[in-house]
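Assemble the complex: chain U is given as a structure, and chains G, R and V must be docked to it using the hints.
4 protein chains.
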Amino acid sequence: MLSASVEVRVRYEETDKMGIVYHANYFTWFEIARIELLDAMGCPYLSLEEDGLYLPVLSCKADFRSPAHFDDRLRVVVKIEDSPLVRIRAGYEVFREEQLLATGETTHAFLSAEGKVVRPPEKFLEKAGEFEKRGQAPVVE
Amino acid sequence: MLSASVEVRVRYEETDKMGIVYHANYFTWFEIARIELLDAMGCPYLSLEEDGLYLPVLSCKADFRSPAHFDDRLRVVVKIEDSPLVRIRAGYEVFREEQLLATGETTHAFLSAEGKVVRPPEKFLEKAGEFEKRGQAPVVE
Amino acid sequence: MLSASVEVRVRYEETDKMGIVYHANYFTWFEIARIELLDAMGCPYLSLEEDGLYLPVLSCKADFRSPAHFDDRLRVVVKIEDSPLVRIRAGYEVFREEQLLATGETTHAFLSAEGKVVRPPEKFLEKAGEFEKRGQAPVVE
Amino acid sequence: MLSASVEVRVRYEETDKMGIVYHANYFTWFEIARIELLDAMGCPYLSLEEDGLYLPVLSCKADFRSPAHFDDRLRVVVKIEDSPLVRIRAGYEVFREEQLLATGETTHAFLSAEGKVVRPPEKFLEKAGEFEKRGQAPVVE
Numbered sequence: 002m003l004s005a006s007v008e009v010r011v012r013y014e015e016t017d018k019m020g021i022v023y024h025a026n027y028f029t030w031f032e033i034a035r036i037e038l039l040d041a042m043g044c045p046y047l048s049l050e051e052d053g054l055y056l057p058v059l060s061c062k063a064d065f066r067s068p069a070h071f072d073d074r075l076r077v078v079v080k081i082e083d084s085p086l087v088r089i090r091a092g093y094e095v096f097r098e099e100q101l102l103a104t105g106e107t108t109h110a111f112l113s114a115e116g117k118v119v120r121p122p123e124k125f126l127e128k129a130g131e132f133e134k135r136g137q138a139p140v141v142e
Numbered sequence: 002m003l004s005a006s007v008e009v010r011v012r013y014e015e016t017d018k019m020g021i022v023y024h025a026n027y028f029t030w031f032e033i034a035r036i037e038l039l040d041a042m043g044c045p046y047l048s049l050e051e052d053g054l055y056l057p058v059l060s061c062k063a064d065f066r067s068p069a070h071f072d073d074r075l076r077v078v079v080k081i082e083d084s085p086l087v088r089i090r091a092g093y094e095v096f097r098e099e100q101l102l103a104t105g106e107t108t109h110a111f112l113s114a115e116g117k118v119v120r121p122p123e124k125f126l127e128k129a130g131e132f133e134k135r136g137q138a139p140v141v142e
Numbered sequence: 002m003l004s005a006s007v008e009v010r011v012r013y014e015e016t017d018k019m020g021i022v023y024h025a026n027y028f029t030w031f032e033i034a035r036i037e038l039l040d041a042m043g044c045p046y047l048s049l050e051e052d053g054l055y056l057p058v059l060s061c062k063a064d065f066r067s068p069a070h071f072d073d074r075l076r077v078v079v080k081i082e083d084s085p086l087v088r089i090r091a092g093y094e095v096f097r098e099e100q101l102l103a104t105g106e107t108t109h110a111f112l113s114a115e116g117k118v119v120r121p122p123e124k125f126l127e128k129a130g131e132f133e134k135r136g137q138a139p140v141v142e
Numbered sequence: 002m003l004s005a006s007v008e009v010r011v012r013y014e015e016t017d018k019m020g021i022v023y024h025a026n027y028f029t030w031f032e033i034a035r036i037e038l039l040d041a042m043g044c045p046y047l048s049l050e051e052d053g054l055y056l057p058v059l060s061c062k063a064d065f066r067s068p069a070h071f072d073d074r075l076r077v078v079v080k081i082e083d084s085p086l087v088r089i090r091a092g093y094e095v096f097r098e099e100q101l102l103a104t105g106e107t108t109h110a111f112l113s114a115e116g117k118v119v120r121p122p123e124k125f126l127e128k129a130g131e132f133e134k135r136g137q138a139p140v141v142e
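Residue numbers (the working numbering), protein chains in the order written: chain U, 2 to 142; chain G, 2 to 142; chain R, 2 to 142; chain V, 2 to 142.
It is worth saying that the hints were derived from the structure and are not from the lab.
Do not rely on the hints blindly, as some may be mistaken.
Note that the list lumps identical chains together, so a pair holds whenever it fits in one copy or between two copies.
Claimed, not checked - In silico lysine-lysine, DSBU-like type, Cα no more than 35 Å apart, as pairs:
{"#": "1", "residue 1": "Lys80", "residue 2": "Lys134"}
{"#": "2", "residue 1": "Lys18", "residue 2": "Lys128"}
{"#": "3", "residue 1": "Lys18", "residue 2": "Lys117"}
{"#": "4", "residue 1": "Lys18", "residue 2": "Lys134"}
{"#": "5", "residue 1": "Lys124", "residue 2": "Lys18"}
{"#": "6", "residue 1": "Lys62", "residue 2": "Lys124"}
{"#": "7", "residue 1": "Lys18", "residue 2": "Lys80"}
{"#": "8", "residue 1": "Lys62", "residue 2": "Lys128"}
Here chain U stands alone, though its shape is the one from the complex (with noise of 0.2 Å):
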């Protein structure tokens, strides 16, 4: 399994006149979190599309358990638990402390620059493969 989890301080311009966090930026949210899994694999998103390659989503869903509201600090957690083939499924977790405010999924494949789907770059699969190593069995730094 690959997992990341970030940090998101709600932004004023993200609540709407209900007072509470408007749904779609949840996604943007999830975004930072595979931004930073990606990162965390040592496989960074801009050196794909540097490849020529884009990443993007085909598919997105998310159930809202408790608003979030503007300043909460909340962590995102992203997990991909199946092995990446040509589609690639990520879940979420949105916390406020200890609280689970809400869980998503999104699906993705490797897109060329054609605009043809493609399998998972060798880079992107050997970087996951030693990512889920070194969270087997944790280097100590």
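This is chains G, R and V only, laid out in the frame that chain U set:
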């Protein structure tokens, strides 16, 4: 069934560096279609809030088949197929001309100003009933 | 003078917890009005980009007199008063019925795909000239 | 002078099809810097709202020198140079490492819950005074 549709023209702000619409923006378009449906029913969302009722999003999802681009003129169709009980489920389709670009779903519940889940108000149920009848036997205008 | 106007209906997503429209969203409305002006001139922005030209924002400002609210139907007026030289300046007014809610200004320059500032293309200047003449002596349609 | 700075990492969602950050997003970053300054002063914005005070944006502007890109780590510096009277003016600078990408300004006034302009509250003025003194003769911690 309750149904409405709305035209959306893609804003530059809604695109991202992939050259396509950022996925989270579809949920804003779904919102626009919901607002239009409530208008068409004769039960504008603003009037619900004035009555102290809110209709937050409990869950949402979208599946993306083909990307939308800047300046596209899209048609967003919303349908509520089930009788609205405590939980209301709305389905969405996004078209560019005849091409289906994306589908989606949101679920909602009526919330009181105190944040308690309540049954749909009489006004809403009545207007929904009338709207469905009009849909089945459209009035000649 | 080049001028156009566009209707905007305030989206729930554009509001914030103060119950009013978040200020940054006015700049997106200004964009919509600019796009409309280029359309009305017969020189759509998309066609400029297809010719390898971009019209980025060099500076922008807005003054807010009265807040806009969810579901308001606003009229956004854009005017280019000076002859478009290398730097193009557009002014904006946002109205709710007769009430002026906000004014603004953006400046732009044409940029080549290589990121160099270039003079406005002939097509643009020609269309601007024709549009101004039409404005002064409107064609009966 | 009151001053603070904050790190911002550019989100994919903040880019547009020109491959750069959409200009309106700088105003959200300015907001983040303001919030940070109020925190640093010991007068968090949320506590002001809890006291029934709002600090809406009366005007805003930005000048863009060089574009920001996805994944850039930016430093946003905010400064309030004048003594805060009824109208409060904040200046901003956005840096990528040593390069100044953009400057900006916002003006604000304190508003009561009834929407009336009021003088800055004592708490705010006191904290501002203490913060300025600390700035001139920093306390060893």
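Is the C-alpha distance from Lys18 to Lys117 at most 35 Å within one copy, between copies, in both cases, or in neither?
Classified as between: cross-chain Cα gap 18 Å, same-chain 41 Å, threshold 35 Å.
At most 35 Å between C-alpha atoms: does Lys124 with Lys18 qualify within a copy, between copies, both, or neither?
Intra 45 Å, inter 23 Å, cutoff 35 Å: inter-copy only.
Identical-chain pair category, Lys18 with Lys80, by Cα at 35 Å:
The answer is both: 32 Å in one copy and 25 Å across copies each meet 35 Å.
35 Å Cα threshold - placement of Lys134 relative to Lys18
Close across copies (33 Å), not inside one copy (46 Å); limit 35 Å.
With identical chains, the pair Lys62 and Lys124 could be close in the same copy or across copies; at 35 Å between alpha carbons, which is it: within, between, both, or neither?
both (28 Å within a copy, 31 Å between copies)
Within, between, both or neither, where Lys80 and Lys134 count as close if Cα-Cα is 35 Å or less:
Answer is within; shortest intra-copy Cα gap is 15 Å, inter-copy 47 Å.
At 35 Å max between alpha carbons, let me know whether Lys18 reaches Lys128 within a copy, between copies, both or neither.
between (43 Å within a copy, 25 Å between copies)
Intra- versus inter-subunit Cα pairing at 35 Å for Lys62 with Lys128:
both (27 Å within a copy, 30 Å between copies)
Checked against the numbered hints above, the structure breaks none of them.
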